[in-house]
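Here's the letter readout for the chains.
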Amino acid sequence: MLSSRHKDTLTLGLSSFESRILRRVFTSIIQNYKIKPSQLDPKVAAVWYSTRGCETAKMSADETRDWLETLHGYKSANLELLEQWNKQLAQGKAAQLKVQLAQAAQLMIVLNDHRLFKAARHDIDQAQMDMHSLADMATLKPAQQAALYEIHFLAWIVEELVGLISPDAANWMEK
Amino acid sequence: MATETLPATIEITRGKIEEAFEKNWSVIVWNDPINLMTYVVFVFMKVLAFTKEKATKHMLEVHQLGKSVVAVETREKAELYYQRIQSHGLTVTIEQTD
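Protein chains in written order, with my numbering: chain G, 1 to 175; chain L, 176 to 273.
Calculated from the structure, these hints are not laboratory results. If a hint is listed, it holds; no wrong ones were tucked in.
Derived DSS-like pairs (lysine-lysine); straight-line CA-CA distance at most 27 Å:
| hint | chain 1 | residue 1 | chain 2 | residue 2 |
| --- | --- | --- | --- | --- |
| 1 | G | Lys175 | L | Lys232 |
| 2 | G | Lys43 | G | Lys58 |
| 3 | G | Lys58 | L | Lys252 |
| 4 | G | Lys175 | L | Lys227 |
| 5 | G | Lys58 | L | Lys191 |
| 6 | G | Lys98 | L | Lys221 |
| 7 | G | Lys7 | L | Lys221 |
Computed footprint of chain G on chain L, listed as stretches where at least three residues anywhere in the stretch have a Cβ under 8 Å from a Cβ of chain G:
| hint | region |
| --- | --- |
| 8 | 216-223 |
| 9 | 227-237 |
Since this is a predicted model, take the numbers as computed values, not measurements. Note that CB positions come from ideal geometry on N, CA and C, so glycine has one too.
Here chain L stands alone, though its shape is the one from the complex (with noise of 0.2 Å):
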């Protein structure tokens, strides 16, 4: 009986741990009318640990397309980011990419 079950435990535990570790949860911050340019920026390079440069594209990406897709992490760290970046004040979602 034992012998039976075990393949499909490993088969499932498998497909869990190569969840886990697939980086295809999607961060994204949307534009808001009162957080300050200059503060979206901050928070991107403290946060993300951007360059001034990819900060600012993606803070410029927000301002004027509405939205920008600031990481693409596993679950756990995209989780991570958006307590961080939604704890900073900024709307951010998180979502399962293709």
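Okay, chain G solo, but in the shape it has when bound (with noise of 0.2 Å):
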């Protein structure tokens, strides 16, 4: 993947199986995106949808019901925008990814959305995070592999997106 910016918009380009995986992931996200919290595997909805916060804040059923809806709504927000990517990237080919400026934030969230549900439909933890070697990464079942794969790829974009769009918040770690 080659990313780069001119003016207010950011090119990511991607090789053929790059494209096919991030056009998996938008068809992904755009069907999770579209079911109710209520509806959604539990183990994911306990992330995207933690009502941790709600409990610490004590608010009622009715409240709580509210801030679900609210956190979807945030959600449903960007499916035209998921379309628009996915549509970019429907041949299948080597392709670039073209996007605004003004809505890399929401590329960014979507992606580390996927990161956070496939991390959380894999039981993938610290332990499996931290795994840096193909022969640690062998003794993970092949589902678990292929979604610790996916997790770090879609970092490495997001990754690309801050250094683009926030140079300062990518360069954190320089005084």
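With the hints as a guide, bring the two chains together.
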């Protein structure tokens, strides 16, 4: 992947393999954003729609329901953009994904949501995230391995996007 | 009759107004293994308008200590931060402090 920024447009140049993965990711997010929090896989809902803060804030059942609807609304609001991005990659060949600067944060949020989704669905925790060798990863179930690769692939894109839109955040280690 | 109930009503209303303006709600961000350090700094800068230094300090607190109080606000503003931070995928709670 090659990423670049020209004025207010970001471009992610993707190989056909990367493009196929990203298209599959977008399709999955689109499907899951359409599902109501109460009907989502409970493991994923516990992350995407955690109500832990509602409990500590002592919200009533009605307030918590409103809260979840608002949160679901935030996610649903990205559906149109996701469809547009998915269309850009529709050919399945090497592709360029062009993203407007004003929408780059939304792209990061949805990619991050998919990372959280995969981790929750496949029980990826700190121990799996700390695996850096192929030998370690080979000890995981095939579905976990695939999820872990996807999580790291999307992390790469998120890091690239942060670098393009907020170099300060990307270089937080530098004083 | 009305003059007897009025002071109590005023007292309750004043209490509610004071409560609404009291900055005693902590917004707490919790560590998790998936969110990237860079992404967390980005979210703090974007949502909380932190400088890079302040965002980094709080991100490292989350990473090393397990949590960080990123704001102490009125309930209304704390709820707003809670919603916005959670919509970015971070684990966040709000709690009333003494």
